[in-house]
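Protein chains in written order, with our numbering: chain A, 4 to 215; chain B, -7 to 285.
Any given hint could turn out to be false.
Unchecked claim - Non-contacting residues of chain B with respect to chain A, defined by C-beta distances greater than 10 Å in every case (computed):
#1 GLU50
#2 GLY94
#3 ARG104
#4 ASP106
#5 GLY164
#6 GLY279
Said to hold, decoys possible - When the alpha-carbon atoms are kept at most 20 Å apart in a straight line, the in silico SDA-like pairs for lysine to any residue are as follows:
#7 A:LYS138 <-> B:PRO180
#8 B:LYS211 <-> A:LEU106
#9 B:LYS214 <-> A:ALA88
#10 B:LYS(-2) <-> B:LYS179
#11 B:LYS211 <-> A:THR119
#12 B:LYS211 <-> A:GLY124
#13 A:LYS138 <-> B:LYS39
#14 B:LYS214 <-> A:SER152
#15 B:LYS39 <-> B:ALA58
#16 A:LYS154 <-> B:ALA160
#17 B:LYS179 <-> A:SER152
#18 A:LYS154 <-> B:ASP60
#19 B:LYS214 <-> B:TYR275
#20 B:LYS179 <-> A:ARG176
#21 A:LYS138 <-> B:ASN185
#22 A:LYS138 <-> B:GLU101
As the list claims (entries may be wrong) - Pair by pair, the computed Cβ-Cβ distance ranges are:
#23 A:VAL192 <-> B:LEU138: 31 to 39 Å
#24 A:PRO99 <-> B:GLU87: 43 to 51 Å
#25 A:GLY85 <-> B:LEU138: 30 to 38 Å
#26 B:ASP40 <-> A:GLU103: 45 to 53 Å
#27 A:THR195 <-> B:THR234: 23 to 31 Å
#28 B:GLU35 <-> A:PRO99: 55 to 63 Å
#29 B:LEU142 <-> A:PRO18: 38 to 46 Å
#30 A:PRO18 <-> B:GLY21: 24 to 32 Å
#31 A:PRO18 <-> B:THR234: 38 to 46 Å
#32 B:GLU35 <-> A:PRO91: 26 to 34 Å
The set of hints was computed from the structure by calculation and includes no laboratory data.
A virtual CB, placed ideally from N, CA and C, is assigned to each residue, including glycine.
Residue strings, one per chain:
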Amino acid sequence: MTYAIIQNGDSRSFPEGDAFLAGGGVAGKAEVLVLLGRPRLAPDPAKAAVLVELETECLGFHTGEDMVEPSNVVGFARYRNGNDAPSPLVELVRQPNTTEDALAAARALFEGAGLTVVVSGDQAGRIIDRLVRPKYNAALKLLDEGLASQKDIDLTCRLGLGYADGPIERTMRGGLAEHHDISAALFQVYGTPAYAPARKALVAAQRRDEAE
Amino acid sequence: MSTPIKTVAVCGAGGTMGAGIAIVAARAGFRTLCYDTQAATLERSAKDTQAFFAKSVERGKLSPEARDGILGLMSRTSDLTDLAECDLVIEAVFEDLSVKRGLLTALDEVCRKDAIFASNTSTLSITEIAAGSSRPERVVGLHFCLPAQLMKLIEVSPGILTSKETLAAGLGWCAAAGQTPVLTQDKPGFILNALLVPFNNDAIRAIEAGVATAVDIDKAIKTALGYKMGPLELIDLVGLDTQVRLCEAFYPITLDPRASAPPLLRRMVAAGLIGRKSGRGFYDYSGQAMFGA
Ligand SMILES: NC(=O)c1ccc[n+]([C@@H]2O[C@H](COP(=O)([O-])OP(=O)(O)OC[C@H]3O[C@@H](n4cnc5c(N)ncnc54)[C@H](O)[C@@H]3O)[C@@H](O)[C@H]2O)c1
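I would like the entire structure built from these sequences, with the hints used as guidance.
Right, dumping it as C-alpha cells:
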C-alpha cells in the first residue's frame, strides 16, 4: 500500500528518524494520506483512507460530528509513554460513519509497517489511556496515603501481575506532568473522580507551568 | 535470612491456596503440617503435591533425593491439637470472617503462647480477623498469590494490634522461605487487588461503552504495556463469578465506583458465562475443551 506523509509538526507516533517516515511517497500518487503532528484535515475522498494523528482530542474534532456521509478519515495514535520509544501499538479510531474500506486500508498500512493494530471508538482516551490513567491515579494516591512504598507497589505489580514495569515507575518515567495533562483531558469528558489528576501529578504540572 | 521458625502449619491445606503454601514451606526446609477439616481434600492435595514434585524431578529442577526430603517434611492431619508445637500457623481457609475468627479462637487453645498466626485473606481485614484471637499482637497478614507454589510475591500486612516482633517474624519467614515480601497496610485489597479489581472492571466497562472488543482491549494492553495477560483474559482465568465476589467484598467498604461490579459482568455470570471453567466468558473455550490439551 502506497502512502504519503503530510507533516504539520512533531509527531509523537513517528518521531524523527522513524523508518515509517522514510517510506512515504508523493501525495498525489499515494493510496493513503497520513497526516502527522497536530494536523489540519483536508478531506480527500479519492484516497483509500486519510489517516489523522490524534493526541488527546477526539477524531470528531477534525471531522465534525455530523457523521451523515460515509467517511474515509480514520484517526490513529501510536501508544507512547512520555518520551519512551513509541510502542508497536497503533490505536485506530473510527466514527460510526467511517467506512470499513478505510479502516481496512489503515490496518493494512500499519500492519505492513510491522505495527500491531486495534480499533477504538471515538471516545476520550481511546483504549489505553482510558484504562491506565485511573490506575496510575489510584497508585499515586495509594502512595500518598502510605499504603506501601513506591518500590513495593511497583514490585507487587511486576511480580504479582506480570507487568513489565510498575505503575508508579512508569508514570514517573512518562512524566507526572504529562500524566496530569492526559488525566485532566479525560476528566473534562468523563467527570468521574478516577480521572481527576492525582495530587502528585497536579503538583508536577503546577511546577512545570510555574517554570515556563 | 535466618528465622527462628522451624515448624509451619497450613490450615486449609486441602484447598487451592493452602496446598500451594504448604509446598512453599516444605520446599524451603520447614517441617510442614497440612491441616484441613476435610480429610478427603487433604488426600487430594497430597496427590497433587506429589505430582507437582514429580514434574520438578522430571524437569531436572529437583533431584529424587531432594524430593523425598521435602515430602518427608510434610504431614497431614485433621486434628487441630496436632498443631500444638507449631511456630507459625498460616490460615488459608474459606474467605469468611466468622470461619477465620473461629479458627483463631480454637488455635488459641491449642498453640504455644509464642506461636505466630498468619492469614492469607484476600479481601478481609487482618485487624478484624485478629479480633478472633486473644493474642491479636501475634496475628499478621501473609497474602500469597495464585498459584502459591510458583509465585514469589507475598503481601505482608500488620493489623492495628500486630506487634513489631510479629511483623518482623512474618517478613523474616517470607525471606527464609525464598519468597519476596512487600510491606503493605491493612487496607482493602492490600496493593495487588486494590489496583487490579477496579482496573479489570474498567476493562469490562470499556466493552459496555462500545470502546472496543475484548480481543482488541487485551491486545492493546499487552502490546502497549507489556502485560503478560490482558484484563479480560485474566478475568476469564480467575472466573467472572470470582470477580463479582471481589467487587462485593470491596465496594461496600471502599465505596469506590470502580470497584463495583459492572452490569455486563453480572449479566454474564447470570448467563453462566463465568470464564474458562465454564467454557465461555469474554472468550469462547469450547474449541479447546472439545479437542483437549
Ligand atoms: N484462590 C485465590 O486466587 C486466592 C489468592 C490469594 C488468597 N486467597 C485466599 O486464600 C484463602 C483460601 O482460598 P482458596 O481459594 O484456597 O479456598 P479453597 O476453598 O480452595 O480452600 C479452602 C480450604 O479450607 C478448608 N477449611 C475450611 N474451613 C476450615 C477450618 N475451619 N479449618 C481447616 N480447614 C478449613 C476447606 O476444607 C478447604 O480445603 C481465602 O482466604 C482466599 O481469600 C485465595
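Against the structure, the hints come out as follows:
1. Non-interface call for GLU50 (chain B) relative to chain A: holds, since the shortest CB-CB distance, roughly 25 Å, exceeds 10 Å.
2. Here GLY94 (chain B) stays apart from chain A, with its beta-carbon at least about 29 Å from theirs, past the 10 Å limit.
3. A cut-off of 10 Å between C-beta atoms confirms that ARG104 (chain B) is not in contact with chain A; the least separation is 31 Å.
4. Every Cβ of chain A is farther than 10 Å from the Cβ of ASP106 (chain B); the closest lies at roughly 28 Å, confirming the non-interface assignment.
5. Remark: the non-interface label on GLY164 (chain B) is consistent with the geometry, its nearest Cβ contact in chain A lying 16 Å away (cut-off 10 Å).
6. Distance to chain A confirms GLY279 (chain B) as a non-interface residue, since its nearest Cβ pair spans about 23 Å, more than 10 Å.
7. With a C-alpha separation of about 16 Å, the suggested pairing of LYS138 (chain A) with PRO180 (chain B) holds against the 20 Å cut-off.
8. Between LYS211 (chain B) and LEU106 (chain A) the CA atoms are separated by roughly 17 Å; this keeps the pair inside 20 Å, and the hint holds.
9. Our distance criterion of 20 Å between C-alpha atoms is met by LYS214 (chain B) and ALA88 (chain A), whose separation comes to about 16 Å.
10. Between the alpha carbons of LYS(-2) (chain B) and LYS179 (chain B) the distance comes to roughly 30 Å, so the proposed pair goes past 20 Å and is violated.
11. Simply put, LYS211 (chain B) and THR119 (chain A) have alpha-carbon atoms about 8 Å apart, close enough for the 20 Å limit, and the pair holds.
12. For the hint pairing LYS211 (chain B) with GLY124 (chain A), the CA-to-CA distance comes to about 15 Å; that is within 20 Å, so the pair holds.
13. Taking the CA atoms of LYS138 (chain A) and LYS39 (chain B), the gap is near 40 Å; set against the 20 Å cutoff, the hint is violated.
14. The suggested pairing of LYS214 (chain B) with SER152 (chain A) is violated, with an alpha-carbon distance near 26 Å, which exceeds 20 Å.
15. A hinted pair counts as satisfied when its Cα atoms are at most 20 Å apart, and LYS39 (chain B) with ALA58 (chain B) qualifies at roughly 18 Å.
16. Between LYS154 (chain A) and ALA160 (chain B) the alpha-carbon distance is near 19 Å, which keeps this suggested pair within the 20 Å criterion.
17. Taking the CA atoms of LYS179 (chain B) and SER152 (chain A), the gap is about 14 Å. The hint holds against a cut of 20 Å.
18. A distance of roughly 38 Å separates the Cα atoms of LYS154 (chain A) and ASP60 (chain B); the hinted pair therefore is violated under the 20 Å criterion.
19. Restraint check: the Cα-Cα separation between LYS214 (chain B) and TYR275 (chain B) comes to about 16 Å, which is no more than 20 Å; the hinted pair holds.
20. For the hint pairing LYS179 (chain B) with ARG176 (chain A), the CA-to-CA distance comes to about 27 Å; that exceeds 20 Å, so the pair is violated.
21. Distance hint between LYS138 (chain A) and ASN185 (chain B) is fulfilled; the C-alpha atoms sit about 12 Å from each other, no more than 20 Å.
22. Under the criterion of a C-alpha separation no larger than 20 Å, the hint pairing LYS138 (chain A) with GLU101 (chain B) is inconsistent with the structure, at around 44 Å.
23. In this structure the supplied range 31 to 39 Å holds for VAL192 (chain A) paired with LEU138 (chain B), their Cβ-Cβ distance being about 36 Å.
24. In this structure the hint that PRO99 (chain A) and GLU87 (chain B) lie 43 to 51 Å apart at CB holds, the actual value being about 44 Å.
25. Take GLY85 (chain A) and LEU138 (chain B): their Cβ atoms lie about 33 Å apart, and the range 30 to 38 Å holds.
26. Between ASP40 (chain B) and GLU103 (chain A) the Cβ separation comes to about 50 Å, which falls inside the hinted range of 45 to 53 Å.
27. Look at THR195 (chain A) against THR234 (chain B): about 25 Å separates their beta carbons, and that is inside 23 to 31 Å.
28. One distance hint, 55 to 63 Å for the beta-carbon pair GLU35 (chain B) and PRO99 (chain A), holds here, with the actual separation near 59 Å.
29. Separated by about 40 Å at the C-beta atoms, LEU142 (chain B) and PRO18 (chain A) satisfy the suggested range of 38 to 46 Å.
30. For the pair PRO18 (chain A) and GLY21 (chain B), the beta carbons lie near 53 Å from each other, so the given range of 24 to 32 Å is not met.
31. The beta-carbon spacing between PRO18 (chain A) and THR234 (chain B), approximately 43 Å, falls within the hinted interval of 38 to 46 Å.
32. Between GLU35 (chain B) and PRO91 (chain A) the Cβ separation comes to about 49 Å, which falls outside the hinted range of 26 to 34 Å.
The structure fails to meet hints 10, 13, 14, 18, 20, 22, 30 and 32 from the earlier list, while all remaining hints are met.
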